[in-house]
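Got chain A sorted already, so can you dock chain B onto it with the hints?
So you can see what is in the structure, the chains are spelled out below.
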Amino acid sequence: MQLHNRLRTTSSLVAGLAAIALVITGCASKGGGGSTAATSGANSSPLVIGASVSLTGDFSDSGKAVQRGYQLWADTVNAKGGILGRKVQIKIVDDASSPTQVVTNYQNLINKDHVDLTFGPFSTLLTIPASQVAKRYGYAFLAPAGGGPDVFKQNLNNFFFVQPAPTTQSGDVFANWILSLSPADRPKTAAYAELDDPFSAPIAENIRTKFEAAGIQTVYKQVYPSETQDLSPVMAGIAAKHPDVIIGGTQSVDAYAQIKALVQLKYSPKFMFQSNGANSPLEYPNKVGAANTTGVMSSADWFPGSKASGSDAFTAAYTKKFGGTAQQVDDNSAEAYATGQLIEAVAAKAGKLDNATIISSLHSGSWPTVLGDLSWGANGAPTGEFNLVQWQGGKLLPVYPSGVSQAAPVFPKPNWGG
Amino acid sequence: MHALIQGIILGVLTAGVYALMASGQTLIFGIMKVVNLAQGAMVILGAYLSYQLFTSFGIDPLLAIPITTVAMFIVGVAVQLLFLRPLKSEDRSELSLLVTFAVALLLEGIMSVTWKTSVRSINTGYANSSWTVFGYQITLVRLWAFLLSIAALLVLYLLLNRTRFGRAIRATVQNPESARLLGVESSRVSALGFGLGAATAAAAGSVYGLLYPFNSGSHYDLISRLLSIVLLGGLGSIGGAVVGALIVSTSSAVVASTISPSWSEMTFFVILLLVLLIRPQGLFGTTARGAI
Numbered sequence: 050m051q052l053h054n055r056l057r058t059t060s061s062l063v064a065g066l067a068a069i070a071l072v073i074t075g076c077a078s079k080g081g082g083g084s085t086a087a088t089s090g091a092n093s094s095p096l097v098i099g100a101s102v103s104l105t106g107d108f109s110d111s112g113k114a115v116q117r118g119y120q121l122w123a124d125t126v127n128a129k130g131g132i133l134g135r136k137v138q139i140k141i142v143d144d145a146s147s148p149t150q151v152v153t154n155y156q157n158l159i160n161k162d163h164v165d166l167t168f169g170p171f172s173t174l175l176t177i178p179a180s181q182v183a184k185r186y187g188y189a190f191l192a193p194a195g196g197g198p199d200v201f202k203q204n205l206n207n208f209f210f211v212q213p214a215p216t217t218q219s220g221d222v223f224a225n226w227i228l229s230l231s232p233a234d235r236p237k238t239a240a241y242a243e244l245d246d247p248f249s250a251p252i253a254e255n256i257r258t259k260f261e262a263a264g265i266q267t268v269y270k271q272v273y274p275s276e277t278q279d280l281s282p283v284m285a286g287i288a289a290k291h292p293d294v295i296i297g298g299t300q301s302v303d304a305y306a307q308i309k310a311l312v313q314l315k316y317s318p319k320f321m322f323q324s325n326g327a328n329s330p331l332e333y334p335n336k337v338g339a340a341n342t343t344g345v346m347s348s349a350d351w352f353p354g355s356k357a358s359g360s361d362a363f364t365a366a367y368t369k370k371f372g373g374t375a376q377q378v379d380d381n382s383a384e385a386y387a388t389g390q391l392i393e394a395v396a397a398k399a400g401k402l403d404n405a406t407i408i409s410s411l412h413s414g415s416w417p418t419v420l421g422d423l424s425w426g427a428n429g430a431p432t433g434e435f436n437l438v439q440w441q442g443g444k445l446l447p448v449y450p451s452g453v454s455q456a457a458p459v460f461p462k463p464n465w466g467g
Numbered sequence: 148m149h150a151l152i153q154g155i156i157l158g159v160l161t162a163g164v165y166a167l168m169a170s171g172q173t174l175i176f177g178i179m180k181v182v183n184l185a186q187g188a189m190v191i192l193g194a195y196l197s198y199q200l201f202t203s204f205g206i207d208p209l210l211a212i213p214i215t216t217v218a219m220f221i222v223g224v225a226v227q228l229l230f231l232r233p234l235k236s237e238d239r240s241e242l243s244l245l246v247t248f249a250v251a252l253l254l255e256g257i258m259s260v261t262w263k264t265s266v267r268s269i270n271t272g273y274a275n276s277s278w279t280v281f282g283y284q285i286t287l288v289r290l291w292a293f294l295l296s297i298a299a300l301l302v303l304y305l306l307l308n309r310t311r312f313g314r315a316i317r318a319t320v321q322n323p324e325s326a327r328l329l330g331v332e333s334s335r336v337s338a339l340g341f342g343l344g345a346a347t348a349a350a351a352g353s354v355y356g357l358l359y360p361f362n363s364g365s366h367y368d369l370i371s372r373l374l375s376i377v378l379l380g381g382l383g384s385i386g387g388a389v390v391g392a393l394i395v396s397t398s399s400a401v402v403a404s405t406i407s408p409s410w411s412e413m414t415f416f417v418i419l420l421l422v423l424l425i426r427p428q429g430l431f432g433t434t435a436r437g438a439i
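In the order they appear, the protein sequences are chains A and B.
Residue numbering for the first sequence is 50 to 467, as defined by the working numbering.
Residue numbering for the second sequence is 148 to 439, as defined by the working numbering.
No lab work stands behind these hints: they were computed from the structure.
The structure displayed is predicted, hence computed values, not measured ones.
Which chain A residues face chain B? A few, computed with CB under 10 angstroms, are given here:
{"no.": "1", "residue": "P282"}
{"no.": "2", "residue": "A285"}
{"no.": "3", "residue": "G286"}
Derived, one-sided and incomplete: chain B residues facing chain A with beta-carbon distance under 10 angstroms:
{"no.": "4", "residue": "Y359"}
{"no.": "5", "residue": "S396"}
{"no.": "6", "residue": "T405"}
For every residue, glycine included, the Cβ atom is placed at its ideal position computed from N, Cα and C.
Looking at chain A on its own, in the form it has when it is part of the complex (with noise of 0.2 angstroms):
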């Protein structure tokens, strides 16, 4: 009976709660867009930022990483006083990787907490419905994660993908470099294997529109659904038909055992691009045996030792507050942390930061981060490319552009284990 009571009472307070946030989210659309936006000069409250981060659920993993990067930048400009004599206070909710959690979480980020500015949360899944809220109350949306062609077929000019380029168009830069090579160096043949997934299989099909644009002949093209769990029988078939190139469109495990089956068929193409798996500096050699990685390319935003603006200093602070080694430093928090490295940007540059300052900022010029210089088109999709990384003695090298190379791409491939 008090049970009864006490839950009648809860759900009428919850009730006469979701009433009131009813009649402020009216008030506040009424009021117009960026109305609670930050405001410059002698403020001297924090700067609140606000983002909904999956914490728990599929892509907690991931999404403690993004945490990790925003923190981590927060912490480093408070260090160096702020932004505009501001404090930074990052606010993280967890979204449990819910697309009806992260609406909720943005509603209330925007409309009860007020945070000056918002920040994205992780996968394309998320990112979608999180932006149109954010677009609903004219905040600028930079999202490190979550750059599939869904979110830029929206066309919000208040959204900015901070990455070089869309994700399905990382593997471009390997296409570029092949390409780039004379006619006698480059493939004749390629086979594409491809993981039946929104960001894995349309990368490998970017570059297969490219290859034979220019002349390179498919011998082989097959995708397969994610549960398969060997692909053993699929490397077979492209092994039986030699082609010069094998570009994977995969993701992490089935990146491995496309090697594993490749090495236990005894067949090394000359060139090996896969376009996710073999940039994970640490599983990578432990999952597919470090000899056997030589020579194989993927395509990475950052790296370690990269020397875009401000890397040496993320990648010491970032070992320093959470151990590890440079090699060990996740992708994902270097993209979040590039997206505080946008607002700081704005701020010095501007010298104000509200919301629809930032949004006029990034869409002109280029706006040097941790993964180089970004820039946008009109819907938020960046206009730059990934780097090629090869690996080359057990490292993890960038070797495409020659701006960024620290290394000149070996090719062919060297035999496995070589």
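Frame of chain A, contents of chain B only:
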């Protein structure tokens, strides 16, 4: 042609592992009429145990099998005593589905907490080696897996046919009431039989961990395959499990290497459907009791 033959080689070598897992599944069904949905989770637990023995003590997964099978035998007996024995016999088959599924979820939870959810793989020195025979690659670890599975199946066969305990099991399978009248303690046989099923899962798990990366959630894919294999072979028939594994594994490898990986998972379900339409009891199942 090359891809076809290589596909057959891969499929046949992999079949041994599935035969081993499925033999435990079919044994448990034969003795208790319990469809054990936790068999996949037990295989993965076996894989984790040998992963741990390998990373902590450097024990080769194939040599770890005696340790993991004993450990899992105890787990199996405990599961039977704690969760299955209390079920009333009249609704045991229905309730056991729920109970064994709950056990699968429980094991999954324990494994997620203990080993986290990131994907593990056991990388021994010979993990990537293979022999070239007439231009085809015989993967060493798959060959070991195959031979070991055959050996384990042989041990199981001898246990069932040449020992008192085996006779008690077969008697229980054929006619539990007569067996009881003749002094066979069917409840004890059930507990030991479940333990034996879990022990085969452990042996298969060690081999599975060598072949594939796994995490605590891997058992879902596994159990659907295992159920298809035992249904195809005929519930309760160990020989059927071996043939079922051979068909499932070879057909999916051949289709993946020659036609498309998207069709490979589908292929054996199509075969299963056809077999069940023509022979509802499976290839080697009998409509009467005593198929083991």
